[in-house]
Structures are given as structure tokens and as C-alpha cells.
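Student: Residue strings, one per chain:
Protein chains: 4
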Amino acid sequence: MDDVFRHPVPVRYLEVDQQGVVFNMWYLAYFDDALTGFLAAGGLPYTDLLAAGYDVQLVHTEIDWRGGVGWTDRVEVAVSLVHAGRTSFTLDFQVLRDGSSVVDGRTVYVVVAADGSGKREIPTLLRRSLGAERPLRA
Amino acid sequence: MDDVFRHPVPVRYLEVDQQGVVFNMWYLAYFDDALTGFLAAGGLPYTDLLAAGYDVQLVHTEIDWRGGVGWTDRVEVAVSLVHAGRTSFTLDFQVLRDGSSVVDGRTVYVVVAADGSGKREIPTLLRRSLGAERPLRA
Amino acid sequence: MDDVFRHPVPVRYLEVDQQGVVFNMWYLAYFDDALTGFLAAGGLPYTDLLAAGYDVQLVHTEIDWRGGVGWTDRVEVAVSLVHAGRTSFTLDFQVLRDGSSVVDGRTVYVVVAADGSGKREIPTLLRRSLGAERPLRA
Amino acid sequence: MDDVFRHPVPVRYLEVDQQGVVFNMWYLAYFDDALTGFLAAGGLPYTDLLAAGYDVQLVHTEIDWRGGVGWTDRVEVAVSLVHAGRTSFTLDFQVLRDGSSVVDGRTVYVVVAADGSGKREIPTLLRRSLGAERPLRA
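Protein chains in written order, with the working numbering: chain A, 1 to 138; chain B, 1001 to 1138; chain C, 2001 to 2138; chain D, 3001 to 3138.
It should be emphasised that the hints constitute simulated quantities derived from the structure, not laboratory data. Ideal Cβ placement from N, Cα and C applies to all residues, glycine included. Be aware that one or more of the hints could be misleading.
Have a look at the derived ranges for each label pair, beta carbon to beta carbon [to be verified]:
no., chain 1, residue 1, chain 2, residue 2, range
1, D, Glu3133, B, Pro1008, 48 to 54 Å
2, D, Pro3045, B, Glu1121, 37 to 43 Å
3, A, Arg66, C, Thr2087, 51 to 57 Å
4, A, Gly67, B, Thr1047, 25 to 31 Å
All chains, please: the whole structure from these sequences, using the hints.
Tutor: Structure below.
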């Protein structure tokens, strides 16, 4: 899996709660940043997607925590395509703490018109940027 | 379901993104607040749980969005117990916008020692506060 | 000062950092919520302001911390008008922990057109809602 | 001012509100990250400060906005020492959007014992990392 896309995450002090680890909601912020990095690495800056009249919306997420990350940990988020359908696609995320996976995420996005007029088929420029289907977990 | 616990959520202006709805991560903030309210309504202020030497950690969440909430919407989060096991329990959440469910959440928590020494069985004071098992979705 | 407007603030667990107090940025979230409450108490729901074609932007803030607030503290934010000029107005905020002031804030807002076309004079409906000038600190 | 420390800030989509610019509170998150980067660049990783038994607390901030930053802007925060006293120090921050200053911040920190036992004189390892006094604004 050495060639899976990885997005570096600078953990903020404010994200760490009194349990000493990043509060759960911030992982969704990490995933959102990682999505943008993933598409850009696939050749699609998000602004190009918007300029083409498309946007994406999160409709489902599931996250499993086996551990947490702390303020000074070196954190990366691996991203890979699970499946691309007609109007939606699914991504896998893995949060890596010093290289070891501690949190798994899987999210489903639907493609919508940027003007708010509803669902759209995945446009070619987006489909190309998602790469091949390769889930990070079974 | 009229007697399901409901926690009011004052949506903050800053939580609404450029798509005009609350950004996805904030729902986990809402669920965390609603958990505290749910336990308190069941007779267990969170500080009492901590004082007894226990805390809980989120180990799994799944969320489905069928719609979003906006800044001026009247929002409540319904909370109900799905299942209580030996060291973990599962809760259902429903985000209600003006009374209609738009987002479903399900989370699994493990009980841990507040001093960081690891998992614990669900103590009686916590088990009592969770109420009867009654999932909000099939 | 018993009749100064006070806005209740439900502190979120996630806002408390490893120093055991609410991280500094969240006070600006509290002030923003309190501003909305203050205007509404003065007869102007924020949606009415927007509907009339106006919005406000923060151009200056200063905050002094003499203490912090914690998760389970009962917190309120007092709000009062310092000065209303032609296109801007200044508000004082005091964060009360169990009734005692621990944080002072002062902010300056400019009135802008909601359509992004620039500064506007304070409209009458807004000016009325601000009440009389009464700074909370010298 | 070419040799003033600059900390890059990856703006998050979620930080941008419906006015199309980063909501005001997030600048304090940027400043906090920039402080950590500033001290590290001065030879003091924050963990070393904590390990030596010290921490810092924000006691005053003032911020002036002449513009805002958006999601895709290239943003940096310049940091420089204004003054170091006996137990407190003052820093200037400038938020640069594509190289131009749009937001000014000035903050005052007090040095405290990491164990919560109160104020401390600025230790040598911290004083050295702050560099020479050079305000970014008059």
C-alpha cells in the first residue's frame, strides 16, 4: 500500500480534549481536507470541480477508532477509492499515527450541481481523479 | 416515540458552511452534547460518572444524512439506547429539524477508567441512566 | 447592571483543552451567539436584518482573560452597547462564570449590504435594537 | 521584514462561513499554531517547554480585520516579538493572504507552571526562542 495517497495533518492543540486525544469530530475535518488533497493529487483541484458546476455532499460516514492521536503526533490520512457508482462514490480513509493506522473511516459522497439544483452523474473529470477502486479494508 | 429523550441544539452561525448547511463534523458535537443531556435526564450528571471513576470513549460512529440543518432551524437531537453490553453500549441519535428527522446517527461507546487504566464493565449507575433498549431505526 | 442582557452559553466538552479551560477562540463563538441573542432581545431577529438587506462584519475585537470557564460551569455572556456611530457600532461582552465576570470582550462591527456591495449606514431597525449606550467597563 | 518568521496556514473548508470568508474565531486557532511554529523556529519545540515545567496562557488579544481569507487563498501568519517582560510577553501576528497583510493580531501571554501552580518568570529557554523585539505595527 506504499503508493496509496497520504495527506499530512497538522494536529491543532485546540483539537485535543481533556482525555488527551483529538476529540472525535475533528477526524471529519481531517477527512474533508484529505478528500481535497486526494482529488488534487488525482489532477482535480476542488476549484476546478466547482468551476465545472459540480460539488459533492457527504451522505454517509462510518468511523472506527482503535486509538487516538495527540497534539505532537505525526499524523497522515491515507485515502483510496472503494467504489464509484453513477451519482455517488465511496472513499476509505485511514488515520496513521507515526505510520500506524489507528482510525478507519469510510464515507459516501453524492455529486450535486453546484447551483443547488440536485444530484448529478459523476462527471468524467471527477471520475478520472478518483483513481482505481482499491479499498483500504475488507 | 413521543417520550424519547430530546436535546435542543442551538445551531451556531459559524457551523454553517458555504453549502448553506451545518458542516458534517458538527453533528458529532451535537451528539456529544446530547449524550450528556441523555445521561443527566436518566439521573446521571456526567460529573457524577467521572467522580465515580468512569468515563466513556467513542469507538464507532455511523451517520446518514438525508438533509441538513441551517442556522435558524429549530433543531433537536433524539437519543435512545440500542443495546448495552458488558463494557460497551450503543446509542441511536436522530437530528430533528422543526420536528422532522433529517440525520441518523448510531454510536458505540466503551466504558473506561477515568484514570486511563483501561476498559471497565458498565457500572450500575451508568446502566440505570441508559434506560430500556429502544432503537430509533431498524 | 441587573438589567443588562445576558445570553446563556452551554459550554461543550470539546471546547475544553488540556489546560482544563475553554480554548481561547471559542469565546468569539460565544460572543457571536450572544450578539444574535442581544439583537433578538432588542426586537431584531437576525433573519429580519438579513431580509432587510443588511449584515454586520467584525472588524475589531479585544479580549482580556482574568480566568477561564470549564465544561460544567454555568456560563452567561452579558452584552451592552458601547457606542453606535454612522456605519459601525461597538459592543461590550462579559463572560460570567457562576455570575462572576472572568473574561471581558469589546468588539466593533461595521454594517454592510447583505449582497456584498459594501458598507452601509446603520439602519433604523438595527439602531433601535442596540439600546442605549452603556459600556460594561471604563 | 523579509526575515520575519512566517507560518503557513492551510485554510479548511469548514472555517469559511456564509459570508464567504473564514469566521473570526479561527484566526485565534491560526495564531496558536503560529506561536508553536514561532517558538520551534526559535529553537524551542513546545514539548520541551512543557517538559521543563512551563506553559503559557493567553491573557489578552486584539485583532483588526481589514479583509478576510478564503478557502483557496495561500495564507501565512507572520509572527514577531513586541516585548518580553518578567512573566509575560507580547507577540504581533499578521495574516498574509497571497503575501498581503489583511489581519493584524497582538496577543499577550503569561508564563505559568505546567502543574497549575501559577505564574512564573520567563525561563531562559523561552526567552531565547522569542528573538529580538521587533513589532510588526506601530
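Student: Hint by hint, where does the structure go against what was stated? Just the numbers, ascending.
Tutor: Nothing - there is no hint that the structure violates, so all of them hold.
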